[in-house]
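Trainee: Residue numbers (this note's numbering), protein chains in the order written: chain A, 1170 to 1303; chain B, 36 to 463; chain C, 7 to 295.
Hints are computed from structural coordinates only; laboratory data are not their basis.
Wrong hints could be hidden among the right ones.
The list that follows gives simulated cross-link-like pairs (lysine-lysine, DSS-like), each with its CA atoms no further than 25 Å apart [to be verified]:
{"no.": "1", "chain 1": "B", "residue 1": "Lys-159", "chain 2": "B", "residue 2": "Lys-187"}
{"no.": "2", "chain 1": "A", "residue 1": "Lys-1185", "chain 2": "C", "residue 2": "Lys-292"}
{"no.": "3", "chain 1": "B", "residue 1": "Lys-372", "chain 2": "B", "residue 2": "Lys-312"}
{"no.": "4", "chain 1": "A", "residue 1": "Lys-1253", "chain 2": "B", "residue 2": "Lys-360"}
{"no.": "5", "chain 1": "B", "residue 1": "Lys-330", "chain 2": "B", "residue 2": "Lys-274"}
{"no.": "6", "chain 1": "A", "residue 1": "Lys-1185", "chain 2": "C", "residue 2": "Lys-103"}
{"no.": "7", "chain 1": "B", "residue 1": "Lys-126", "chain 2": "B", "residue 2": "Lys-102"}
{"no.": "8", "chain 1": "B", "residue 1": "Lys-126", "chain 2": "B", "residue 2": "Lys-190"}
{"no.": "9", "chain 1": "B", "residue 1": "Lys-102", "chain 2": "B", "residue 2": "Lys-122"}
Some residues of chain C that are not near chain B, with every Cβ distance over 10 Å (derived) [what the hints assert, rightly or not]:
{"no.": "10", "residue": "Tyr-9"}
{"no.": "11", "residue": "Leu-60"}
{"no.": "12", "residue": "Gly-293"}
Model, not experiment: these values are computed from the prediction.
By construction, the Cβ of each residue, glycine as well, lies at the ideal position given by its N, Cα and C atoms.
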Amino acid sequence: MRVRLSIRETRGEFVKRVEEISGQEILACNQCGKCSAGCPAAMAMDLLPSQVLRLVQLGLEEALTSETIWLCASCLTCLSRCPKGVDLPRIMEALRQLVLRKEGDRLELSALPADFLSEAPQLAIIAGSRKYLS
Amino acid sequence: MVIGGGISGMQAALDIADSGYEVVLVERLPSIGGRMAQLSETFPTLDCAQCILTPRTVEVGHHEKIKLATYSEVEEVGGHLGDFRVKVRRKPAYVDWERCTGCGLCQEKCLWQVPSDFERGIGKRKAIYALSPQAVPNKPVIDREHCVYFQKEGKCGACAKFCPVEAIDFQQKEEIWEEQVGAIVVATGYDLYPMERLSEYGGGHYPDVIDSLQFERLLSASGPTAGEIRRPSDGAVPKEVVFVQCAGSRDPERGVAYCSQICCMYTAKQALLYKHKVHHGQAYVFYIDIRAGGKGYEEFVQRAMEEGVLYLRGKVSKIFPQNGKVMVWGADTLSGKRVEIAADLVVLATAILPSQGTSDLAEKLRIKIGESGFYEEAHPQVRPIESGAPGIYLAGAGQGPKDIPEAVAQGSAAAAKVLALFASEVPP
Amino acid sequence: MRYLYFPGCTLSTKAKGFAASGEASARALGIDLVELSQWNCCGATFPLATDNLLALVAPTRILLNAQKEGNHLVALCSICYHVLKRTNRLLREETDKREKLNLFIEEEYRGEVRVFHLLELLREEIGFEELSERVQKRLQGLRVAPYYGCLLLRPFQEIGLDDPEEPRILDDLLASLGCEVVEFSHKTECCGSYLAMNSSEVTRELSYAILHSALASGAQAVVTSCPLCHFNLDYRQGEMAAHYPGFTQIPVLYFTQLLGLALGIESETFGLADHHVDPRPLLASKGLK
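Just need the whole structure built from these sequences, with the hints factored in.
Mentor: Written as structure tokens, this is what we have:
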């Protein structure tokens, strides 16, 4: 199927919200792919980080259904090497926030194994809650 | 006066001199030829660079209207259009070039070896050296920093003992003199972005990650490996070579914002020449976009692909050594895959920078430097040859990255400007 | 030298050994780490959504408390350091957000406090050459892989501690203690961080890649400054051994534990027994305990 592009998508509410929450200019990215090349978590992702950003550039909300946004560990490797200084971790966060704010939590703390919870450092639990809970 | 003895400056000097005017050609290095003298073959025709360059250097060297001032730099500029007063400083060569016949015996007998700048550190030269056997002028200089005679107060002196014409002169002093000229052409060329600043690519610490000029020296028949492709660490012939384009270019965040213009073409050339020399080898090129806008250029890149160079669209993120190989982490955005290649050799197409000293010279000449550090032309569209200052013209890569035909064209254009000026104001 | 000190949640509970070894080592070097009289959790993440000001309140309070008691604040945990340093910069440079945050906490704080990591103090206040001379027991023959992780170094423009690609600070510290420091390719690769909460296989794989690279470089131990990295690298080694044939377990230590040992401090409180991969046999084999 062809994806129909029009001003409704490319200048739509979705792009605007992502830009607002992330504080980034989505079209500043020239899709060089360096972020994907170095992303440590990309091996588990369904789309490369640069492809997720590409979907946003096209105004396509299917970016929100990609597993990639939940696998970004905010390690900032991409940001520290991006030739254009695009803060992709902030864009990933914006996409997570759009889902969390609409659909609620992505993680059930009580479902985690007791052994894990007793061993995991506080900051893992707090950071995880910040990232996965609405 | 033409400042800079590369292909662009030589063209300007020859065109002006052929019209009957006197030219002073000032060159910082001991001999002329510039970057082109370091190149192997040229795109898109694969002509041997040395073969097309040497007739030019020889012609410049013999031209009765051209006064060569090599190993010299511009010290001070006064005066104005039609009557510039330029002080030139010549570094001491510690060799009397009047006597020296260029026999090369001194270089043979000198015991002290240092990494050669001309060979980009992958080859050696002696403490007394000429840039290459084809150098014009083919006269050596002594590198005081590495010469034992200078460092250990008079010990050694082998060059002086063996010189058949007693040309070695350890007492030689620098010379400063003034030239009076009507116009100035500035053609000071380029340097490469230092690998030290590419820390994700190893910051220049890995011997088998080299820059593109180093690879030119490996390809060159007159280079340290006599044209055989052997990697620096162990001299092995690399079976897989990765070329990384845009290393520092198009990176406003940490490198330079501009496109270095020539890398797409020379990388295609280098990958192709590698294939010609190592038939069973594989060359990979990581690129963001391919910019091949010149005459015959796109065809040339297509030829490289057709002859087996694998192009991967994506920028490399990280390079590190692993088990005797160099691991390259890149992306192929066309397939949506992250890729890693365990390469034997990696060649970085590092960004073109204005050559060292460009801004100092601009200050002396009272001409402008643009945002990217290159000389700024009077108008980017309609006055690309003129600097802002009357009587001072720009040629070659000092004004912005450019390839050989463009540098030559700009050299001729600058000459035409000078000649037009002289035709109106100064009789020959 | 007296410095205000923010231990943070994890150092007060699950990484007490990190805190104890850090405090004792600092004291032995004449740095008195004085715990903030009042503190709360920093939030463990610097909020990446620009409209999430609420998450900045917690670290702002910590910084404000520090200002009431002094003008420096030292952290040991990489993540606390990252959050405090970035929040502090934001309060200094982003006026709009500062005003809103100040309204919210009903006090005035403008980012005046200087935030340090203990590593930074060791480098700048003591100096590694000097430190080397203060070492009582050189950690001779101990081959270590200095693992920096992500947040201690990135983003460089805001953290500015060291080169984010080729950092030296931990290498230099460990070398000054007499360790043999190995070069390894994964010293700034991510361990998976908080993905531990929701994607444990990913964390396991990322952490395995780091340990594998360290082992391949001949390291006998990995050294870190982050409790979350420590957890990911240490806790999952049992799983790794089951999952990757031929994997050898390798102890993961806090830099302060080695620092304390080298300074000849009694290591009872260092929590060496709390690690999943017991470092004590290795340390004992080098005459350290």
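Trainee: Check whether the Cα positions of Lys-126 (chain B) and Lys-102 (chain B) lie no farther apart than 25 Å.
Mentor: Holds - the C-alpha atoms of Lys-102 (chain B) and Lys-126 (chain B) are around 17 Å apart, at most 25 Å.
Trainee: Taking only the CA atoms, is the gap from Lys-372 (chain B) to Lys-312 (chain B) under or equal to 25 Å?
Mentor: Answer violated: Lys-372 (chain B) to Lys-312 (chain B) is near 30 Å, above 25 Å.
Trainee: When you check the alpha-carbon spacing of Lys-126 (chain B) and Lys-190 (chain B), does it fall within 25 Å?
Mentor: OK: Lys-126 (chain B) and Lys-190 (chain B) at ~22 Å, within 25 Å.
Trainee: Does the alpha-carbon distance linking Lys-102 (chain B) and Lys-122 (chain B) stay inside the 25 Å limit?
Mentor: 15 Å, holds
Trainee: Is it correct that the beta-carbon of Tyr-9 (chain C) has no partner in chain B closer than or equal to 10 Å?
Mentor: Tyr-9 (chain C) clear of chain B: closest Cβ-Cβ about 31 Å, beyond 10 Å.
Trainee: Verify the proposed pairing of Lys-1185 (chain A) with Lys-292 (chain C), using a straight-line Cα cut of 25 Å.
Mentor: 60 Å, violated
Trainee: Does Lys-274 (chain B) lie within 25 Å of Lys-330 (chain B) when you go C-alpha to C-alpha?
Mentor: 32 Å, violated
Trainee: Does Leu-60 (chain C) really sit off the interface, with its C-beta more than 10 Å from all C-beta atoms of chain B?
Mentor: Given a closest Cβ separation of 30 Å, the condition holds.
Trainee: What's the verdict on Lys-1185 (chain A) and Lys-103 (chain C), does the C-alpha distance respect the 25 Å limit or exceed it?
Mentor: Status holds; Cα separation ~21 Å.
Trainee: Checking one constraint from the list: CA of Lys-1253 (chain A) to CA of Lys-360 (chain B), max 25 Å. Satisfied?
Mentor: 30 Å, violated
Trainee: Are all beta-carbon distances from Gly-293 (chain C) to chain B longer than 10 Å?
Mentor: 33 Å, holds
Trainee: Can the restraint linking Lys-159 (chain B) and Lys-187 (chain B) be considered satisfied, given a maximum Cα separation of 25 Å?
Mentor: 21 Å, holds
Violated hints, listed in ascending order, are 2, 3, 4, 5; each of the other numbered hints is respected by the structure.
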